[in-house]
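Residue numbers (our numbering), protein chains in the order written: chain A, 54 to 507; chain B, 9 to 338; chain C, 4 to 314; chain D, 275 to 623.
Keep in mind the hints are simulated off the structure, nothing from the lab. All C-beta atoms in this analysis are idealised placements derived from N, C-alpha and C, irrespective of residue type, glycine included. Accuracy of the hints is not assured; some may be wrong.
Claimed, not checked - Computed spacing ranges between beta-carbons, pair by pair: (1) Leu488/D to Ile72/A: 38 to 46 Å; (2) Glu326/B to Pro278/C: 54 to 62 Å; (3) Phe469/A to Asn385/D: 32 to 40 Å; (4) Ile620/D to Asp94/B: 36 to 44 Å; (5) Ala68/C to Asn261/B: 50 to 58 Å.
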Amino acid sequence: MSGKSSYLEEFSKSKAGMIGLALLLFLLVLSVYVVLAYPSNIASTWNNPESWQGNPAKAPPTWVTLLGVDAPPSLEFKGGQWANASVGSGNYNYSQSYTFKWTSKVTPSNIVFSPRFSGTPLEAEMTWSKPDGQSIVIYIASPQTNSNYDATDQDISQWIHQFVEAQTGTLQGTVTFGEELDALFDADGPNLLSNPVLQGTYHVRIDVLSRSPIALSPSSSLTVDGRSYGIMGTDLYGRPIQLGILLGLPYALELGAVTSVAAVVFGVVFGGISGYIGGRRDGFMQWFTLVFLALPALPFLVAISYSFTLSLISEALLIAALSWPFYAIIARSVALSVKSQAYVEADRAMGISAFRTFFTHFMPRLTPVTIAYTVLGIPAGILLAQTLAFLGIAPPNIVTWGGILDEAFVQEAALFGWWWWVFFPGMMIVVVATPFVLVGFALDKIVSPKVSAK
Amino acid sequence: MPAGSTNDPVLKLEDLCVFFTSKRFMEKAVVVKAVDGVSLEVGRGEVVALVGESGSGKTTMGRAAIGLTAPTSGKVTLVENDLEVDVGKAKGKTWKGLRKRLQIIFQDPFSSIDPNMRVYDSLKIPLQSQGVKDAGEVSRTIDDVMRRVGLPKELLDNYVFQLSGGQRQRIGIARVLLFNPALVVADEPVSMLDASLKGDIIHIIEKEAKERGTAFIFITHDMAVARVAAQRIAVLYLGKVAEIGPSDRVIENPYHPYTKALLQASPTIEPGMRDKTKEVNVRGDLAISTEHPPGCVFHPRCPLVMDRCKTDVPELKELEPGHWASCWLY
Amino acid sequence: MTLLEAKGLSIVFPTSRGEVKAVDQVDISLGEREFVGIAGESGAGKSTLALGMLRLLTPPGKVVAGEVLFHGTDILKLTDEQFRKDYRWTKLAMVFQGSMNGFTPVFTIGSQLKEVLALHGREASDSTISKLLETVDLDNSIASRYPHELSGGQKQRAFIAMALSLEPEVLVTDEPTTALDVITQATIINLLKRLRKELGISVLLITHDLALISEAVERLYVMYAGGVVEEGPSIDFFAKPKHPYSQGLLTSTPTLTSNEIKGIPGFLPDLANLPPGCRFTPRCPFAMEVCKRDYPPLKGVGGERVACWLY
Amino acid sequence: MTFRRFLVVKTISYAVALVATVSILYVGIYPSLQRVIKDQATAEGQQFQQSLVRAHANLTQKQIGQQVAAFKATFLAQFGFNQPLPVKFALQLQNLFTFHFGSSYFTLAPNGSNQVSSIIAAYLPNTIVLFTTGTILVVLAGSIVGLLAARSAGGKLDRSIPFIAVFHSSLPTWWVGFLFIAFFAYTLNLFPSGGINSVPPPVGLVPRFGDFLLHLTLPLAAFFVVNVGGFAYVIRSLVFSTMGEDFVLTAKARGISNNRILFRHVLRTVSPSIATQSILNVASSFAGAITVEVVFRWPGLGLLTYDSILSNDLPVIIATTFILTIVLLLGLYLGELCYGVLDPRIRSG
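Only chain A is shown next, with the shape it has when bound in the complex:
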C-alpha cells in the first residue's frame, strides 16, 4: 500500500517504533514540566556551590542501600513549634527537641544546624545525647539567622574537640575533618575516634536564649547529612545529579531538534535539487557539499566559539551547518534514482513544469526520507552538543550533562569512585537517543524499500 495513511499504519505495526514513540512523548512531557516547574535562573543557582550546602556531597544514590551498601540517607528535622519559657530576669528560653534512630554502621557525612529567626539571641545551646547516655553540649554564641552551622564550623567543632579531649584524655591539637562526626556518633571511651558507631536513639535538644523576645521560624532546621542522596546521588558540591539531569533535558532536546531539522531540511532540499537538475550545476553543488563535509565539526566549533558567543540557536545552527552534507548526499542519491525513471521525462513531454514535477515526483519520496533522518539526526546533534559542553563550550547559563561530566572529569570522579556522578549524565545521552533511534529505524524501514522500488 502506498500513500500517507499507509505509512502511519505500517509504523503503528512496528513494536519498536511504538515503544520509541511512547518514550519520546514521556521525555517531551518531562522537559515541559522542567521548563514550567523551575525558575529560569535555576542555572545560576546550580552553578553556585553555596546553594547546595544542605545536601551531602559526593553521596551515592539512596537505593544503593538496597544492594547492601551501608549508606544512610539524610535526615532533616524542620518545622514544629518552639516551646518557649521565660527564665526570669528578662531572659527568654526557646527550645525544641529531636529524636532519631541511627541504625547505620557509618557516621553521617555532616550535621547542619540552620536557625531562622528575627531578633538577636544570646546563644543557642545544642545538647547532643547519644544512645549510651553521654551528652555533648554545644554553645553557639550570637547565632546568625540564615547561617548554616555544620560540624566543622569553629562554633560547633570547638565543643566537640573538648568532648574528645575529655573522653580520650589526650590533648587534641587538631581534629581532622570527619572526626567531629566520629565524636558525635561513636561509642565513648578513650578510643572514641576509632570506636564503632553507636546504633540507637539519639536525642538532640536545642535551646535558644535571649534577653528580649524573639520569633523563631518553623523553618529552622537540623539536618543530619547522610551518605546517600536521591535517585542519582550528588556531586562534590552536594548538587543532586537528578536535578542536573532534569535541567539538562530541555536543552538537549531543543538543541537536537533544531539542529536536526535545520540540517536535514537544508541538506535534503539541497541534495534533492542537485540530483534533480543534474549536469554541471549538480557537479558544482556536489563540490560545495564536499567543502562543508571537509570541515571537522568538533575542532571547528571549538575554534569558532572563540569568535562568537554561542546561544542555543546559534550553536544549533552551527552544528547544522556542519552536518547537512550527509543528508544532501543521501537525498541526492534518492533524487537520482527518481530521475532515472521515465516518468520524469514523460512529464517533460507532457509540458508539465519542472517545478511541478519536482513536487509531484521528488518530494513524495524525499519527504519520508527527510522525516526518518530528522528523527535519526536528533541524537547525533545532542551527542555533538554534549561533547562540546564536555570540552567547556556551551551557551552560558545552561545546565548541560556534558558540563556535569566535565566537572566530574576535572574532579577525578573516576579515581575517587564517585561513579554516579559519571554514570547518570552519560547514560542520559544514551537514554535520550534511544527513542529517536527506535522511531527513526522504524520509519527508515518503511521508507527505504519504497525509495528503491520501481
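For chain A, the structure is supplied; the task is to place chains B, C and D on it using the hints.
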C-alpha cells in the same frame, strides 16, 4: 517526390542530424552521430515504423521529431491547418503548446508512470498544466481516453502500482491521447509486454490513427511487429536510413543487405528450423564505435561489400514506387 | 532416457498478500541430448521453475512439494555441500536471464573462467580458456577484459563458454537472448544448437518468445499462471496447438508472414489469490461451467498432453 | 588515460575544495585570528623593546617607542594589516598554509620551542598512532561482523546489528572512556588510567614498548567499542545490497561455495566502498575523537586542543583546527582515489 515523402504530411523531417558531443576535461571531444541526415515525412493517420538495432539512432530520431531533443542541423516541421511550426527551434510558449500536438509513448510501462500516484491524478495533472481547469471537462476527457484505451473507469481510483504491466501501458497511452495529438512517437511500446497483450496495444494505435488521423512514429527492433503495426517501414543503421518503403514491400522484397539480414535473423514460427542453422549474413556486432566508417556505414558488416562501398556514401534510390534503399548494389 | 525430471514440483513465495503459488505441481522432463523448451508469459512461473530445479531459489521462495530427479536421484534431498560439489556446473549449468550481469564486475572474464575450472579440479591454463572462448566465437583477448568492457552479446557468449567449461550434461538457458538485438539473438541460438550437437548435451530453453522456441526445440511445455497447460513435440504443437491459451499465444505472436495480430483479452490472475478450477477460465473463449470448478489434469491428446476440459 | 583524467579531475577539485574549506574556517575564526596576531605583535614588540633597551642604552624613550611601533607595524604588515581585506585574507591564508601559526601562549614542544608548528609536530604522531590502529581494528572486526550478518540475513546477528550500531553511535566515546577508567584502571587496576607511558618510563626497549601498549589498550578499546557497530552496519548494508545482484546467484550456480562468494566475489566488489569508508573513518576520527585523548590524557592533538581551551591558548586551537581540516580533506581525497584504484570500472574506463 524525394525519399521518405508522403501525401498530406503532418510532420516533416528534413535532413535531420542529431550529434551528441561530449567534451570532457582532458579528453578528446567525442561526437556521436545518432541521427545523420535523415529526411522523412509522416502523413496524417499514418503509422511509420523505425526499425533498427540498439544504437541505430531510432529513439533519438523519435525524440527529435517531437522536439524533446534539439536537432544539430536540419529541420523538423509540424504542419497543421496550413500552419507550419518549426519544432526544432520552438521555445517557451510555442514549445509548451507543442506538447499538446506531439507526444510520446514510452517503452517501460513500469517506469514511465509514477507508481505512487492514483491513476486519476496521473491523467489529471497533464490536463491541468495545459490549462484545462474546468472539473467537468477534466473528468469528461479522462473518461473518454479511458474508454479509448479499453480500461474500466473503476481503475481511476487505484494507485498505478496496483496495475499490471499491460494496464499501465494503456494508462501511458491514455495520457498521450488526452490532447488528441497530431503525432505520437511510440518508442517500443510493446517490447516489454507479454505476447498476449501486444496485439491489443497495436490495435489501439491502429484505431487512433484510423479514426482520428493521429500520425504515429512506431519505433521497434522487431520486424514482425513493424509489419503488423505500420504502413511504412524505415530501416535505420547508424543514424542513416538504409531502406524505406511500404511495410509489405520492405518485408517481402527487401533490397538492402542489412534489411535482409534483419529479416533472416528475425525468428518466425517454423518448427522445421530446429535442425538447421539460421543464416545470418552479417559479420560482427553493431559497431559501438563513435567514428562512423567512411563510405557506406554498413560496409564493415556487409557480406556483399564492394570496393566502392568503402569510399563512397550511397544515396537513397527509389527502386520501386515509394520503396527506397541506399546501396551501391542498385 | 530421461535425464532431468521434476515431479509435482510446487514453489511458493510468501508475501504480505498471502502465498504466491509461482509454480504449482509441475511435472517436467528432459531427456538425454534433448532440446526442450518452456514457453509462457511473465508470471507463468517458468524462471522460478528453472531456479527451483537447480536449487537456486532465493528466500523467501521455497519448494513446498515435489522432487527433482537427475539420473534418478532426488537432488532436492542432497545436502547443499553435496549438491554443490557433485552437481553444480559439473552436471547442471545455467545461462541466466541476467547473465549480462552474471560476471562479478571486478574480475576479468579470464580469471572467472579459471576460477570455475580450478574450483572443480580442472586444468585452468590460458590455452584452455582460449579454446573455450573459441567455441563461442570469441577471441582470446576477451579473457583479459572486465565484464563492463564487453557488449551484451559478447558477455552472453562468454557466459555460455563458462557454462560449458565443465562439460555439463544439462544446460538450462533462461531467456538467453532477451535484451539482445535480433542478429545477435540469432547467432546465440545458432550457437546453442551447434553446441548441443557437438557436445551432446541436453538443453532446456526458457523463453516468452514462441517464434524463437519454434526454431530451436524438439519438444515444448507451455506454462500459464504456475502450471503446465500443454506439452508435446514442437512439430505437432505448432501445427495445431490444443489448449485455448496456446492457440491465443500463437495468434498473438507477430510474424513476418502476416499482417494480422490478435491479443488475448484480460489479464493474468492474481497468483496469491487463485480462483478454483482452470486459471485461464476468465480469459478463455471456450470457458464452461466445469472450468470454473475443477482444475483440469494433463491428458493425452494426439501425441500431446493438454490440461483442458475441452478434451 | 581515463584513470589519469580521473586523478587530475579529483586532484583539482579537492585542491580547490581545500582552499574553499579553509576560507570558511577563516571566516569563522576571523575575529580571534586578528586578536591572536595583534597579541603576538605586542608580545614580539615587548621582546624587541627589551633587547633594544639592553643593546642601546642611549636611546630616548621616544626613540624606543618609535622603533617599537615600526617593528610592530612591520610584523602586522606580514599579515596584511595595512592592506585591503582581500590581500589581508590572501596573506593570512598563505601564513596558515605554510604553517606559520605563531607561538603558543603557554604550551611548549618537547624540544622547548613555543612555536605552534613544532608543538603540533610533536603531538600529531600520537594521534595518528592511536586512531590509525583503532580504525584498522574497527575495519577488520566491523567487516567480518558485517559480512557474517549479511550472510545470515534475517538471523539474530543481522537483526541486532542496526540497534547495536545506533546504540553505539549515540554513546559518547569520552564517557565510555570514563567508565573504562573507573572500572579497568581504578577498580580492577588492570591498566593505567591515562597517559602514553609510565612516569618514569621503564628501562629497555621491550619493557618500554610493553608499557606503551598497556597505555594504548584502554583508549583503543573505548574507540573500538563506540565505532565498531556503526562500521559493521555500513558493511552489512553494502554487502546486503550486493548480495541481491545477479552475479551472486550465478556464482552460486557455478558451484562456488557460499564462503568463497562472500569473501571473494562480494567482498572484492564492495572493497572500493569499504576502503573509502575506512579512510574516511580514520580521517574523521582524528577530528571527532578529541575527547578520547582528553579522557585518557593521551598526548595527541585532542588533548592539546583541550588543554588549550582550558588555558585560552588561541594560536594552538586555530592551528589544530586547521591541521584537522587538512587531514579530513586528505582522507576524503585518498578515499576517492582508493575507490578509483580498486574499481576496475573507473580504473580501466
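message: For the hint 36 to 44 Å, verify it against the beta carbon of Ile620/D and that of Asp94/B.
response: holds, 42 Å
- request: Return holds or violated for the Cβ distance of Glu326/B and Pro278/C against the range 54 to 62 Å.
  value: Given about 57 Å between the Cβ atoms, the range holds.
field: Distance restraint evaluation - Ala68/C, Asn261/B, Cβ atoms, bounds 50 to 58 Å
entry: holds, 55 Å
message: 38 to 46 Å was suggested as the range; check whether the CB atoms of Leu488/D and Ile72/A agree with it.
response: For Leu488/D and Ile72/A the Cβ distance comes to about 42 Å; the hint holds.
query: Is the hinted range of 32 to 40 Å satisfied by the C-beta distance from Phe469/A to Asn385/D?
result: holds, 36 Å
Of the numbered hints stated above, none is contradicted by the structure.
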